[in-house]
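J.: The listed protein sequences derive, respectively, from chains A and B.
Okay, so the first sequence: first residue is 1 according to the working numbering, each after it adds one.
Okay, so the second sequence: first residue is 1 according to the working numbering, each after it adds one.
Take these hints with a grain of salt, some might be off.
Which bits of chain A does chain B cover? Going by a derived footprint, with three or more residues having C-beta under 8 Å, they are [what the hints assert, rightly or not]:
1. 48-54
2. 168-175
3. 334-343
Computed spacing ranges between beta-carbons, pair by pair [said to hold, decoys possible]:
4. HIS392/A to ALA74/B: 44 to 50 Å
5. ARG449/A to PHE17/B: 38 to 44 Å
6. LYS10/A to PRO32/B: 27 to 33 Å
7. THR9/A to GLY89/B: 27 to 33 Å
8. LEU338/A to THR76/B: 25 to 31 Å
9. LEU26/A to LEU18/B: 17 to 23 Å
10. MET80/B to GLY460/A: 57 to 63 Å
11. ARG449/A to LEU18/B: 45 to 51 Å
12. PHE9/B to ASP245/A: 36 to 42 Å
13. ILE54/B to ALA307/A: 33 to 39 Å
14. THR453/A to MET80/B: 55 to 61 Å
15. GLY460/A to LEU18/B: 44 to 50 Å
Don't read these hints as lab results, they were simulated from the structure.
We treat Cβ as the ideally placed atom computed from N, Cα and C, and that holds for glycine.
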Amino acid sequence: MIKLPQQETKSLIALHGWSAVLLGFLLYAVVATGTVAVLSEEIEHWSVGHVREGNPLTADVNSIVGKLAPTVDPEFLEEVGIGHSARGNLQLFFHTHRENESGQIEDYGVQFEIDPTTHAVLNERLGTGLELFRTDPYDALGRFLVNIHTELHMPRPWGLLLTGILGLAMLVAAVSGFMMHRHLFKEMFVLRRKQSDVLEQRDVHTVAGTWGLPFAFILAFTGSFFSFAGSFGFPAMAMVAFGGDQEAMIRTVIGVPESKSEQQADFTNINLIIDDAYQRSGQNPEFASISHYGMDDAKITLFLPPAESKLAPKQYEYSGVSGDFIREKAIVGTVPSLGATAFALIAPLHFGDFAGLLSKAVWVALGFASCYVILTGFSLWIERRRDSHRWHLFERFTLVFGIGLPVAMLASAVGYTLSSVVKINPNLLVPWSFIIVSMLCILGGIVVRNYHTLKIILLGLCTIFCILVPTLRIVSGGPLWVTALQQQNISVAVIDSVLIISAIFSLQQLRRALLKRKSVRSSDTEDAAHSKTDNFNTESIA
Amino acid sequence: MNILASARFWLTGPATFLLAVIVMLGMAIWFPKGEAQVDNIVLPMVAFPLIWAILFFYAYLERNLKRAGWIFLAITLLHMVILLNHFLGGT
Numbered sequence: 001m002i003k004l005p006q007q008e009t010k011s012l013i014a015l016h017g018w019s020a021v022l023l024g025f026l027l028y029a030v031v032a033t034g035t036v037a038v039l040s041e042e043i044e045h046w047s048v049g050h051v052r053e054g055n056p057l058t059a060d061v062n063s064i065v066g067k068l069a070p071t072v073d074p075e076f077l078e079e080v081g082i083g084h085s086a087r088g089n090l091q092l093f094f095h096t097h098r099e100n101e102s103g104q105i106e107d108y109g110v111q112f113e114i115d116p117t118t119h120a121v122l123n124e125r126l127g128t129g130l131e132l133f134r135t136d137p138y139d140a141l142g143r144f145l146v147n148i149h150t151e152l153h154m155p156r157p158w159g160l161l162l163t164g165i166l167g168l169a170m171l172v173a174a175v176s177g178f179m180m181h182r183h184l185f186k187e188m189f190v191l192r193r194k195q196s197d198v199l200e201q202r203d204v205h206t207v208a209g210t211w212g213l214p215f216a217f218i219l220a221f222t223g224s225f226f227s228f229a230g231s232f233g234f235p236a237m238a239m240v241a242f243g244g245d246q247e248a249m250i251r252t253v254i255g256v257p258e259s260k261s262e263q264q265a266d267f268t269n270i271n272l273i274i275d276d277a278y279q280r281s282g283q284n285p286e287f288a289s290i291s292h293y294g295m296d297d298a299k300i301t302l303f304l305p306p307a308e309s310k311l312a313p314k315q316y317e318y319s320g321v322s323g324d325f326i327r328e329k330a331i332v333g334t335v336p337s338l339g340a341t342a343f344a345l346i347a348p349l350h351f352g353d354f355a356g357l358l359s360k361a362v363w364v365a366l367g368f369a370s371c372y373v374i375l376t377g378f379s380l381w382i383e384r385r386r387d388s389h390r391w392h393l394f395e396r397f398t399l400v401f402g403i404g405l406p407v408a409m410l411a412s413a414v415g416y417t418l419s420s421v422v423k424i425n426p427n428l429l430v431p432w433s434f435i436i437v438s439m440l441c442i443l444g445g446i447v448v449r450n451y452h453t454l455k456i457i458l459l460g461l462c463t464i465f466c467i468l469v470p471t472l473r474i475v476s477g478g479p480l481w482v483t484a485l486q487q488q489n490i491s492v493a494v495i496d497s498v499l500i501i502s503a504i505f506s507l508q509q510l511r512r513a514l515l516k517r518k519s520v521r522s523s524d525t526e527d528a529a530h531s532k533t534d535n536f537n538t539e540s541i542a
Numbered sequence: 001m002n003i004l005a006s007a008r009f010w011l012t013g014p015a016t017f018l019l020a021v022i023v024m025l026g027m028a029i030w031f032p033k034g035e036a037q038v039d040n041i042v043l044p045m046v047a048f049p050l051i052w053a054i055l056f057f058y059a060y061l062e063r064n065l066k067r068a069g070w071i072f073l074a075i076t077l078l079h080m081v082i083l084l085n086h087f088l089g090g091t
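Please work from the sequences and hints to get the whole structure.
T.: This is how it looks when you write it as structure tokens:
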């Protein structure tokens, strides 16, 4: 592809291999959980099972807000977030902003979960934004898997920094892989089956890697941006650009009013505003934010999903008193700009949600291919170092990690489905299921001496869990596909189907592993018989 | 070979990362702000992985390591001057 001198090509091959060996396991963890995280919204709906139909923001939001506002601490009227809960109900968070012990500004207030039809209060909790949104039992599974992907369950900012570095490592692997293959486009179509294992693995690695190259580049690039921007990028850039003036930064980036009004005023009818947004965009909002509720500078911001054939979402700003449309707000800043457009494109490109389930399916498939590239890369690395004993240990570790991680993720799903049966909080059972099964996989890797037997056990576990999860979901009271589809919850069928397809794939791999062990055993027996005959002949001659 | 004793390791590893951060921060000052006054904040952050990758592959593949070191030093000094000038009451 790119004709580099031999010395540079050799350097790139070394870089490609060593960067993968040193950071590849963590990268695999981030990519594998990221592949699952693409379906996080579907996993949330699958977890809940009976999700309420339709967008709750199209209900009579105005009456609900008007009824709840007088009951809360007036301080919490500073901002009201209105969205949907995991169960598909209306979720309102009346809150103020306060400085926590570490000097960071956090949301603190009261959260309500409201039935949008009957207006009944289903749940009421007081706390900080992080406490309330990170302890919802209904999205415990999706949240747990997404957190492995984004922060590897490490404290902030270290987890974000590490995943950012892993994103850069993925960028290195993708770019060096592209540069070091001289005949990349030709090799995209070369799969030499029935050749040696090394050749077959090399071809599979190159084919999967080449087809997934643009995807790996986009994901590494956007993922690094998210990690670094979240951990130090935004505060550091704001510090430089605004000389440490956080308020000036917020005014420029978010566009809040410069001073708060103390003058009370009647709040507008938010239902009419949601109708107006639909007239303008053809979309209903997914989220609404009211600032300074009941004051004469109250504003309402509606967050709308991207329109058909568009990538970027929209934000509309309205007066909270007159209900007048003020402007279409940029994602960053108060007027449209190149920076805001670039920023708005990053999320859909990383999450793959720009064309609904279709684009998500493509992202999942390419994520799966990336996992395959990492694991086949490890196999190639080991295959070329077969003579060294320490690389045998590395091979076992690759097997335990490569299959053990999906098994542990499936175990966390088993933990979630069991939580309603054994009456244990899923926020506890999900991580513990993951940890216990991870430990068992590692223990298996230490105890089971035969590599092929270990592979068979891990693949067997994977197959069993893939079948167990949807079975347990139904047994523990989850809806059948027909019921879920009638409730317009297609996520149940989607996730169950993904699990069934995974079970079939795992079973196929299990069959291959069984055949491989059989052939290894028979060749070992033949070798033993040959050596016996050789010994006998030698003794006879002697 | 002890990798920690290799000058190329330090140049491609920590030095490249630090330089990419310094360039990103410096861009907050010299990059055009745009109509919304946010381009100088957002675009350098979006470009950060690319800036890092370009510096990394240059430092890794440049045969003349001294030249790479001098270029890195020059970019660092330039951005440090811009940043110091900004914080000490310049633009």
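J.: Each hint should be assessed against the structure and marked as holding or not.
T.: Each hint, compared with the structure:
1. 48-54: violated (count 0)
2. 168-175: Since 4 is at least three, the answer is holds.
3. 334-343: holds (count 9)
4. HIS392/A to ALA74/B: 44 to 50 Å: holds, 48 Å
5. ARG449/A to PHE17/B: 38 to 44 Å: The hint (38 to 44 Å, Cβ to Cβ) holds, given that ARG449/A and PHE17/B are roughly 42 Å apart.
6. LYS10/A to PRO32/B: 27 to 33 Å: violated, 42 Å
7. THR9/A to GLY89/B: 27 to 33 Å: Cβ of THR9/A to Cβ of GLY89/B: about 51 Å, so the range 27 to 33 Å is violated.
8. LEU338/A to THR76/B: 25 to 31 Å: holds, 27 Å
9. LEU26/A to LEU18/B: 17 to 23 Å: holds, 22 Å
10. MET80/B to GLY460/A: 57 to 63 Å: Because 59 Å falls inside the window, the suggested range holds.
11. ARG449/A to LEU18/B: 45 to 51 Å: At roughly 47 Å between Cβ atoms, LEU18/B and ARG449/A fall inside 45 to 51 Å, so the hint holds.
12. PHE9/B to ASP245/A: 36 to 42 Å: holds, 39 Å
13. ILE54/B to ALA307/A: 33 to 39 Å: Because 35 Å falls inside the window, the suggested range holds.
14. THR453/A to MET80/B: 55 to 61 Å: Hint holds: Cβ distance 59 Å, inside 55 to 61 Å.
15. GLY460/A to LEU18/B: 44 to 50 Å: The hint (44 to 50 Å, Cβ to Cβ) holds, given that GLY460/A and LEU18/B are roughly 48 Å apart.
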